[in-house]
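S.K.: Add chain C to chain S, keeping to what the hints say.
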Amino acid sequence: MNDFASLVQFSIAVPIVAAFLTLFVKSWGRPAVQIVSVTGFALPLIFALFLWGLYDPSTPGGYAFVSNLDTGLEMIGVSLHLGLNGVSLPLFVMASVVGLAAGLFAAQSKAENLSRYLFCLLIMQGGLMGVFASIDIFFFYFFHELALIPTFIMVGIWGGRDRNYAAMKMTIYLTLGAMLSLVGLIAIYVKSGAESFDLITLKAHLAEMPLADSVQNYAFGLLLFGFGILVSLWPLHTWAPLGYGAAPSSAAMLHAGVLKKFGLYGLVQVAIPLLPDGMGHWENWIVWLALGNILVVGLIAMAQRDLKQMIGYSSVMHMGYAFLGIAAMSVLGVGGVVLMMVAHGLTVALLFMLSTMVHHRTQTFEMNEMGGLAKKAPVLAAFFVCAMMASIGLPGPGLANFWGEISIFLAVYDFRNWLVYAVVAGIVISAIYGLRAIASVFYGEETDEFIESQKEVSVEDMSWAERVPALILIVVMFFIGFFPKTVTESINDALESEPVYAQVGE
Amino acid sequence: MSTEIFQKIAETNTWSWIAPELAMGVLALSLLVLEVILPKVAHGAIPRIAILGQLVILGYVVTGTCAGTFPAGEAFGGMLYFDGTGQLFRVFFLGASIFVSYLGMVSLDKRLLPQVEYFHILLVITAALMLLAQANHFVMLFVALETATVGFYILVSYFRHTTVSLEAGLKYLIMGALSSTILLFGIVLLYGAGSNPALAGSSQDSLNFGNLAGFLAANPDDTLGLIGMILVISGVAFKIGAFPFQIWIPDVYQGAPLPTTALLAVSSKAAGFAMLLSLSKVFSALGDWFYPLLSALAVLTILFGNFAALTQRNLKRVIGLSGVSHAGFLLIGVIAARTVDWASTAILFYLFAYLLASAAVFSVLVHLNKDDDSDLTLDDLGDLAKKNGFLGLGLAVGVGSLAGIPPLAGFIGKLLIFIAAFKAELYGLLGVAIVGVVVSIYYYFGILKSAFFDVWQFQADEEEAPTAIPGSALGFLGKLAIVIAIAGTLLLGFYQSPFSSWLVG
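Heads up: the sequence lines are chains S and C, in that order. All letters in the first sequence, in the order written, are residues 1 to 506 by the working numbering. All letters in the second sequence, in the order written, are residues 1 to 505 by the working numbering.
Calculated from the structure, these hints are not laboratory results. In this text the structure is predicted, and so the values were computed from the model without any measurement. Misleading hints may appear alongside valid ones.
[Stated by the list, open to error] Under 7 Å between C-beta atoms, here's a sample of chain C residues computed to sit facing chain S: (1) R111; (2) I405; (3) P406; (4) F418; (5) F422; (6) V437; (7) V438; (8) F453; (9) L490; (10) L491; (11) Y495.
[Said to hold, decoys possible] Pairs of lysine to any residue, SDA-like flavour, derived with a Cα cap of 20 Å: (12) K387(C) <-> A111(S); (13) K26(S) <-> K169(S); (14) K479(C) <-> F20(S); (15) K376(S) <-> M462(S); (16) K169(S) <-> I434(C).
Think of the CB as a built atom: it goes at the ideal place given N, C-alpha and C, for glycine as much as any other residue.
This is chain S alone, in the form it adopts within the complex:
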């Protein structure tokens, strides 16, 4: 199975190489830049789909396509150890799908200095592919940072309103989160005595000699709050809506859709399997903070008048479900979280992209100033309704999010019955703001402001350049919605081989 390990390496290397190529072909004109960058986004998707097709869920040891390279940090037990297991593979594929959509959308945008913008985006994509393919937790962190830095740059340079403030705030918050999780990872490395950052080695080592409770508690606390800041756990979430509001849409798509899953993925794959007792210690914290995410942030989302901010808050809110699913610690709950991470990544990326398209037509993000757009742009309206329904988690159109959320709800019910009421209240909240957004943007009478802005910018429906990236995302959403088994099987197998999750389910 390790025959195709080089494809994993290529899917990380291709975007990075393409990034530098875009700078070199700049002088050949815009089309060359577009072709190079789109190729840089498309090849990882092809590789990822190919690997998905080859993956055998019953791989012994869990990881397939494994490769191991030394980079010079052997003295502290670091090597570039790449591979995919049942949990990381769906996310790896999702990252490549969202990447291509974001890349296509960025390539046809009117951004100034397009080649540099695509450079940042491609570096980010390389980092994202690396995050989910890393077995070595040092490189797991390293690739996350590699993807994070371009985000700050893109927000700062190509961002919208308040971009300087937003970039600064994001940088400080996310650096704090990253530093805390780094210290947590160092704690595991030092205290385990395994002299290795390799996840497989650490797991084997800690299965025999688990860490003392006190160590587990503080190490897990560091990881929980470190990752928590990165995933926008309430009340450390305030960077997220602001940052997404200011970020250029492709950066927001990749960050909210994919990069933010780093923290959840880290909890599921690293923190909980290595520190199961620490998880028990912090369980109540996770539950209460996650409720803050669902209820408090949900209500804040309801109060938003700005479309992009609202989507940002709704994305923060959905992280609450993910944390609750993780707190349930069962195969069902955590499996639901992984499925929801995939689905949410696709959905939120689509929503950010569509909201930018709405902005191009209405020249504003204020929902009060919009209305009646569906008449002018019916296709856009159809896409938007679809994406928003998916985001709310309505089962209707067979969209992916529903399966993830329903598994989480069932697991949460088994975990603590009363939590389900809160969760259902959250669904109602998200239905209110989601449907209201659809209504005020696309239906009703055209507002005066909208009529006014049409005098300057004539409103047309989605062009094909806009439809293709949206279609890519929505097709995958439908596919997972109709055939969830294609994804869940591998997730299930991977999680069941993890003793900490398997015990709870029985």
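M.R.: This is chain C only, laid out in the frame that chain S set:
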């Protein structure tokens, strides 16, 4: 001292062991000779000859280090001690000196001042620092340090027509003399304590590091020894710019000519750590006092450096204060080296990463067209990325590495220090370090923000374009310097194999 000692010294005078330092001295002198014998039109070649000569010496040292042909052990009657760490410091100081020579070449060309003396003094300072890193005796340490410091007095006030440079020189002179006095007083106390025949372990040659360590191990409660240690550490703290001896840094960094600032930031700081690493062996018997003292210094240094840098707008002051915080991080490494063997490797890695990052930043700053580089502010960076993308890239990589952002070398340096600190169970220091890193993001980000993010903000008022940025291309050497700094920083961040095996080997 009796004549026997001198005899012993004469027997162990292995001059060939200090060939690199001797070569530096010869090169320094020959620059002065060249100025006399060369016709005036050819004087422009002298800085190039200086760089070339240093490159040759660097090549000699690097190949010798790689091949392991350099001897190890004591020489000159125990005045010097040669080991792998000393070799690496030699490489470090030579590298720093080459890059400062380049900065000097660019910077001095803008002014009507004698040039050759600058390079002469620079080479002498570097040779002294190279010996300092190998010192095994307090007399050697003090003489080497003073040789370097006296050179620094001149270089700081080298722009003798500008008042800020003179002011900085005077401040550095007074503070430097004070710190040298403190250091010397500490040495004298240690000498007095160590050669007291009434005490166990005393010796005639009590300033030798080995003898002194033996004396302190036999008398860990000796009050004179303790006070001597504290005073010596205070003197060293001045060099590295640790709190509360950092007070000279912002003014002197700002007033000194840019190449001197770079030399102070890189070589002078590294010299302090070279001293600390060897002194930590001498004072290991006083560990119960030595390490808490360093811990307190580290905490205050990190916090002061970072918080003081927050409000600065002057670029050289920001860099100076950020250097203070780097000294704090490195101090953590020194403390961790008490229990973790490889922590001194981590310090060296950090120093090399810091050298490369500083090289990138200073090579960019030296190209900003401003008559007086002492008032370069963040605003002068406006539009840098737009007007000269190459300089912008160099600045971004340098500042990013200083901030410790992966995948740059500075991150790996910080990571190694953090791991060492964690292994040594220095949790409190680690916590402070993290606060420091997060705070530092703010001002590093501020530098990048003014260089990059305001690019399109000023479009409305095109008239008021900053003049400090060259729109034209850099010379070949300028590009080469920045490319080397960027490539080194990336390489040490991504692929450390060749370097780390060299460090450890």
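S.K.: Each of the hints needs a verdict: does it hold here or not?
M.R.: Hints versus structure:
1. Given the 7 Å rule on beta carbons, the hint for R111(C) is violated: about 36 Å separates it from the nearest Cβ of chain S.
2. Taking 7 Å as the C-beta cut-off, the interface hint given for I405(C) holds, the closest approach to chain S being about 6 Å.
3. Because the smallest distance between the Cβ of P406(C) and any Cβ of chain S comes to about 4 Å, under 7 Å, the interface hint for this residue holds.
4. Contact between F418(C) and chain S, as hinted, is supported at the beta carbon level, the nearest pair being about 6 Å apart and thus within 7 Å.
5. A least Cβ separation of about 5 Å between F422(C) and chain S falls short of the 7 Å threshold, and the interface hint therefore holds.
6. For the restraint placing V437(C) at the interface with chain S, the shortest Cβ-Cβ distance is roughly 6 Å, inside the 7 Å limit, so the hint holds.
7. Annotation: interface hint on V438(C) holds; nearest CB of chain S at approximately 5 Å, less than 7 Å.
8. Residue-level restraint check for F453(C) holds (minimum Cβ-Cβ distance to chain S is 4 Å; threshold 7 Å).
9. Interface hint status for L490(C): violated, as the beta-carbon distance to the closest one in chain S is roughly 12 Å, over 7 Å.
10. For L491(C), the interface hint is violated, the least distance from its beta-carbon to any beta-carbon of chain S being 9 Å, above 7 Å.
11. Annotation: interface hint on Y495(C) holds; nearest CB of chain S at approximately 5 Å, less than 7 Å.
12. The suggested pairing of K387(C) with A111(S) holds, with an alpha-carbon distance near 18 Å, which does not exceed 20 Å.
13. Distance check on the hinted pair: K26(S) and K169(S) sit about 32 Å apart at the alpha-carbon level, beyond 20 Å; violated.
14. Taken as a hint, the K479(C) and F20(S) pair is honoured in the structure, with Cα atoms around 18 Å apart against an allowance of 20 Å.
15. Proposed proximity of K376(S) and M462(S) is supported: the alpha carbons are some 10 Å apart, at most 20 Å.
16. A distance of roughly 17 Å separates the Cα atoms of K169(S) and I434(C); the hinted pair therefore holds under the 20 Å criterion.
Of the numbered hints listed earlier, those contradicted by the structure are 1, 9, 10 and 13.
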